[in-house]
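Protein chains: 4
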Amino acid sequence: MNRIPGYRRRFNEMAGTNIDRLAGISDGIFSVGMTLLVLGLALPTLSAHGTEGDLWRALLGLGPNVLVYTLSFMTLGIFWVGQGTQLNLLARSNRNYSWLQLVFLFAVTVVPFSTQLLAHFPTYRVALVEYWLNILLLGMTLLAGLQYGLRAHLFKEAEMPEVAPLMRGRIFIAQSLYAIATATCLVFPTWVSITLIFLVQLNYVVAPRIPILHRF
Amino acid sequence: MNRIPGYRRRFNEMAGTNIDRLAGISDGIFSVGMTLLVLGLALPTLSAHGTEGDLWRALLGLGPNVLVYTLSFMTLGIFWVGQGTQLNLLARSNRNYSWLQLVFLFAVTVVPFSTQLLAHFPTYRVALVEYWLNILLLGMTLLAGLQYGLRAHLFKEAEMPEVAPLMRGRIFIAQSLYAIATATCLVFPTWVSITLIFLVQLNYVVAPRIPILHRF
Amino acid sequence: MNRIPGYRRRFNEMAGTNIDRLAGISDGIFSVGMTLLVLGLALPTLSAHGTEGDLWRALLGLGPNVLVYTLSFMTLGIFWVGQGTQLNLLARSNRNYSWLQLVFLFAVTVVPFSTQLLAHFPTYRVALVEYWLNILLLGMTLLAGLQYGLRAHLFKEAEMPEVAPLMRGRIFIAQSLYAIATATCLVFPTWVSITLIFLVQLNYVVAPRIPILHRF
Amino acid sequence: MNRIPGYRRRFNEMAGTNIDRLAGISDGIFSVGMTLLVLGLALPTLSAHGTEGDLWRALLGLGPNVLVYTLSFMTLGIFWVGQGTQLNLLARSNRNYSWLQLVFLFAVTVVPFSTQLLAHFPTYRVALVEYWLNILLLGMTLLAGLQYGLRAHLFKEAEMPEVAPLMRGRIFIAQSLYAIATATCLVFPTWVSITLIFLVQLNYVVAPRIPILHRF
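Line order of the protein sequences matches chains P, D, U and V. If you're matching positions, the first sequence starts at 1 in the numbering used here and goes up one per residue. If you're matching positions, the second sequence starts at 1 in the numbering used here and goes up one per residue. If you're matching positions, the third sequence starts at 1 in the numbering used here and goes up one per residue. If you're matching positions, the fourth sequence starts at 1 in the numbering used here and goes up one per residue.
Simulated from the structure, these hints should not be mistaken for laboratory data. Fair warning: there could be bad hints in the mix.
Under the rule of at most 35 Å between Cα atoms (straight-line distance), these lysine-lysine pairs were calculated in the DSBU-like manner [claimed, not checked]:
1) U/Lys-156 with V/Lys-156
2) P/Lys-156 with V/Lys-156
3) U/Lys-156 with D/Lys-156
4) D/Lys-156 with P/Lys-156
Label-pair distances were calculated between CB atoms; the ranges are [stated by the list, open to error]:
5) U/Leu-62 with V/Ala-144: 24 to 34 Å
6) P/Asn-203 with U/Gly-63: 28 to 38 Å
7) U/Thr-195 with P/Gly-61: 44 to 54 Å
8) D/Ala-152 with U/Leu-62: 49 to 59 Å
9) V/Arg-151 with U/Thr-195: 28 to 38 Å
10) U/Tyr-148 with D/Ala-152: 43 to 53 Å
11) V/Ala-183 with P/Leu-136: 34 to 44 Å
12) V/Arg-168 with P/Leu-43: 32 to 42 Å
13) V/Arg-92 with U/Arg-92: 21 to 31 Å
14) D/Ala-42 with V/Arg-168: 45 to 55 Å
Remember, predicted model here, so these are calculated numbers, not experimental data. All residues carry an ideal CB built from backbone N, CA and C; glycine is no exception.
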């Protein structure tokens, strides 16, 4: 009997099996990412003779930036809730699933960069598309985690036949809306796209009863 | 029987139900925020021929900044204790409650920005009001979490009839004191307001026996 | 019967009782602090025609800074182990104890500032004394937590009669060594003090068998 | 009977025994480190008349940096999985083991610095060697933890006779590959080494079935 392959199979069975550690590093990366977003808000600079009105106008001038940062906080919040829901359904984890989650977390760490890019270049379609690709990567890695987990029987079996199509459907609907919102930049100014993405996110945050968006 | 609404209700029942994850991301965001506060303390710069006395004076010059940072650390500490007390009373969580907490945590991530704004522009009423609005948002989202949690029966029922009015009263009293302290900037220089807010915070930290402030 | 004081006593009994949250925010603040230390290592800048030798010399020039950062990492590690030992002995927590720990964590968040100050001004006694005051505050708040916890019966009673004098003694010995090391800057250059503090820390890290330092 | 040595032995038995705290600070340091990596991606600057094409070219110009950051994220991910596997096998911890892990975590906090150094000086062998030394320190401290833990009987005994040689072998193979990849910089340009290290990391992430690399 060849023991080496058994050893190797064994290592892969041991590595990455700790769901608590996965939750721990996820909460850590999300919380650092969320806090760093607001750091991107540059403090206004005033001349020595600046007045209250100058500071007020400088803060108002941060408005568009604040919109982008709020957008990104909602994005991270939505995916934090989404990943948490998936992890909650796990009965066990393994090495491959942990790595799919690490790729998902890599996408999370890119959000502050994408946010600053969009906040500095809000009128550039390139910045908007980069932002959308980041959201797309978040959605695709979350979906990959779901699909792999199903195939590898990592989830609590009883609930999944009902739950899995729902989660898949949610990701497809949301990603379609993001794609449509982004595609409008081909015709309209980028602020239309940003506002549409903002509204899509807001819809998922407050979960209003618009049946067409929540059929899944 | 229409299964779609059932699916959807089901998703909302699953999402955001993990109190440990909520505690994890809260501790993460608070700890990053608290550590970043002190990063705002700019290192003094000295000329090549700087003396011990020069460095000493440069550090003393940081005094007002240190006051503002200590103030913000106390603010974050007070709200960390307050949120922890609320989360401790939870019997369960849900998606809406998690989002109310995420909005609360958004307000937490804004504190380093508000702090730096006030530290750089301590004589500007606009900076003071922005700081106060941040504290107001912290209090209001904490209150919203309490009220929603009561309505949605998320808390351990046995304790709440006695505890809920107490927590509500605490928030109202504290927020009234913050509002009064801030309003004094209409008549007095902003440093009076900052000092008053500092004293209010200190009162909640050391919890002295001043009956009028602790009736609730 | 007057119910108001009962309410208030009750709030103070509920607030800050969660040892897990206390451990969570402690690990968070320590880990952010430890990671930020190394961020203080400024990347070398080279001219366009820089050679391998230039970069090598630039990195060697970071040597003293690396020493200070290693020192601070050890400091944070020692106090992380020390606080962890104290929290491990808790049978329960309360609001006052949580606040003592928050003051301890405030001292932790100041360490990156003190470190950068000492790394930028290694020959200034003022920077050294500020660094020492930071270590003193860490030790004193840890001691205050121990003393308060004993008085308020927060610890597992069985172990404390034996353990408490040991922990107190450890803090006193260590703080005496730090004070002596710092005081040598009155006679010798500051690098002597920094090296002595480094050696004291190293002693606590590797725990060699020098009986005189480990009688307690 | 001499009680002092008993006291001291006792302190060392109590300190650093909490595996949860060790996991907590590890997740914290890894998550801050991983998030800070991407912060190193400097936002492009454009002139006032910059076009979509200019921004696109500026982002493409970040390509090599993105490669280095992805490399470092994989490095941290690999060692996070590796350390997690080791911690999962612990039956207990002690003070010495905690300190070995803290030295390992120190190496983790250095990764953002090494990454930025390599991203800024990708053609310098000195930067490459510094990066490799960082990976070497990560591997050696992980190995030291394993060896010490075996000697001090910290692991769940049943599994270790089979598992320990496997983990040791994995570290030796991986470190040999890193060393060979780095050594090629003596003959070839540094980008060859960087690409080789990248491929080695990718191999450990996706765990393909290349028998020669996975005999252990």
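Structure versus earlier hints, numbers of those that do not hold, lowest first: Hints 6, 10, 12 contradicted; others consistent.
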